[in-house]
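Sequence order for the protein chains is A and B. Residues in the first sequence are numbered from 1 upward in steps of one, following my numbering. Residues in the second sequence are numbered from 1001 upward in steps of one, following my numbering.
Derived by calculation from the structure, the hints in this document are not laboratory data. Some hints here could point you the wrong way.
Stated by the list, open to error - Computed Cβ-Cβ distance ranges for the label pairs, DEER-style:
#1 A/1 - B/1063: 43 to 51 Å
#2 A/66 - B/1100: 42 to 50 Å
#3 A/66 - B/1156: 31 to 39 Å
#4 B/1071 - A/120: 54 to 62 Å
#5 B/1138 - A/54: 41 to 49 Å
#6 A/115 - B/1071: 38 to 46 Å
#7 B/1059 - A/120: 43 to 51 Å
#8 A/131 - B/1009: 46 to 54 Å
#9 A/130 - B/1133: 15 to 23 Å
Said to hold, decoys possible - With the C-beta cut set under 10 Å, the calculated list includes, among others, these residues of chain A facing chain B:
#10 10
#11 52
#12 59
#13 110
#14 114
#15 118
We put the CB at the ideal spot given by N, CA and C, even for glycine.
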Amino acid sequence: MIGILLALLSVLGFAASFILARVGMRSVPSSTATLISLLSGSLVLWTFALLLSSEGDLQFENRTMGLLLLSGLLNFPIGRVCNYVGVRLAGASRSTTIISAAPLAAMVLAVAFGGESVNALVLFGTVSIVAGVTLIVTQNVVVTEH
Amino acid sequence: MTRDVVRTHPVAIGYLASAAAAIVFATALVVNRSVVGDGGASPVGSAALSMTFGTLALALFLLPRVKEDLRNATRAGVVAMLLAGLAASWGGGFLFLALSKAPVVVVAPVGGVGPLVVILLSRLFLPGQELINKRLVLGAILVVLGVALISIGRST
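Take these sequences, add in the hints, and give me the full structure.
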């Protein structure tokens, strides 16, 4: 039960961030908006890290540092900038729905490169995501900035 | 040329950017798993360090234009973006906490309801700015359902 409650708090945080980003990007360009959000976000994440980590947890080997650098470059200068460009141009609700289909991309990567097999649940899930995204992107919409 | 395409097809470019973000996030997840899963590093500490690297890289890239962007921005816009960053990290922090208390098979489907919450919040806080209709809600429900099925299917 506590796990579900914490997951819901997480959802609320992410959802609020998309709405706030939509408001902020009325006057701040997407890439600079991303940078501002990362500066404040880093503070929160380091606070969580310091509160939740025990001694030695924050010491990383060189290989791990390299992978974290790669992950940081993918997630933030590329992923989050694309994310915010999507929110600004397509709207928070439509962009978020498409981004939330990331598990489908992860599954395709796992099947293609990790040798993972596909079962009936995964197949139904894939069909459901594709149908949902198709419904959204084939609709004519106009997104207003203000 | 790029600006012309964005001006003439903004929503389509927004969809493409969102799809690109989804693919990049999925790829980064594979890297993160190799750090936290096989590497045994602290998940939240790894996330904080990874975000710091990303912030520094973006800051270096944007250095020449940040000053001008900030000069043209409103104070409300900057505050909203600072709060957006706090909220996103709040989301990330609680996700780590949730994963430490419950298995992925429980946390992932609950976390997947995000689009429905965003639609609700858009309706409440962005009235008239986003077209919220039955088609969007049905599409979001199908995506949420699909994400839950894939999460459960991959962990069984």
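Results for each hint:
1. A/1 - B/1063: 43 to 51 Å: Between residue 1 of chain A and residue 1063 of chain B, where Cβ atoms are some 47 Å apart, the hint holds.
2. A/66 - B/1100: 42 to 50 Å: 26 Å, violated
3. A/66 - B/1156: 31 to 39 Å: 33 Å Cβ-Cβ, so the 31 to 39 Å window holds.
4. B/1071 - A/120: 54 to 62 Å: Between residue 1071 of chain B and residue 120 of chain A, where Cβ atoms are some 56 Å apart, the hint holds.
5. B/1138 - A/54: 41 to 49 Å: 46 Å, holds
6. A/115 - B/1071: 38 to 46 Å: 52 Å, violated
7. B/1059 - A/120: 43 to 51 Å: Given about 47 Å between the Cβ atoms, the range holds.
8. A/131 - B/1009: 46 to 54 Å: Violated, at about 23 Å.
9. A/130 - B/1133: 15 to 23 Å: 20 Å, holds
10. 10: Holds, about 4 Å.
11. 52: Cβ of residue 52 of chain A sits 5 Å from chain B, so the hint holds.
12. 59: 9 Å, holds
13. 110: With a minimum Cβ separation of about 7 Å from chain B (threshold 10 Å), the hint on residue 110 of chain A holds.
14. 114: 8 Å, holds
15. 118: 8 Å, holds
Violation of the numbered hints given earlier is confined to hints 2, 6 and 8; the remaining hints are satisfied by the structure.
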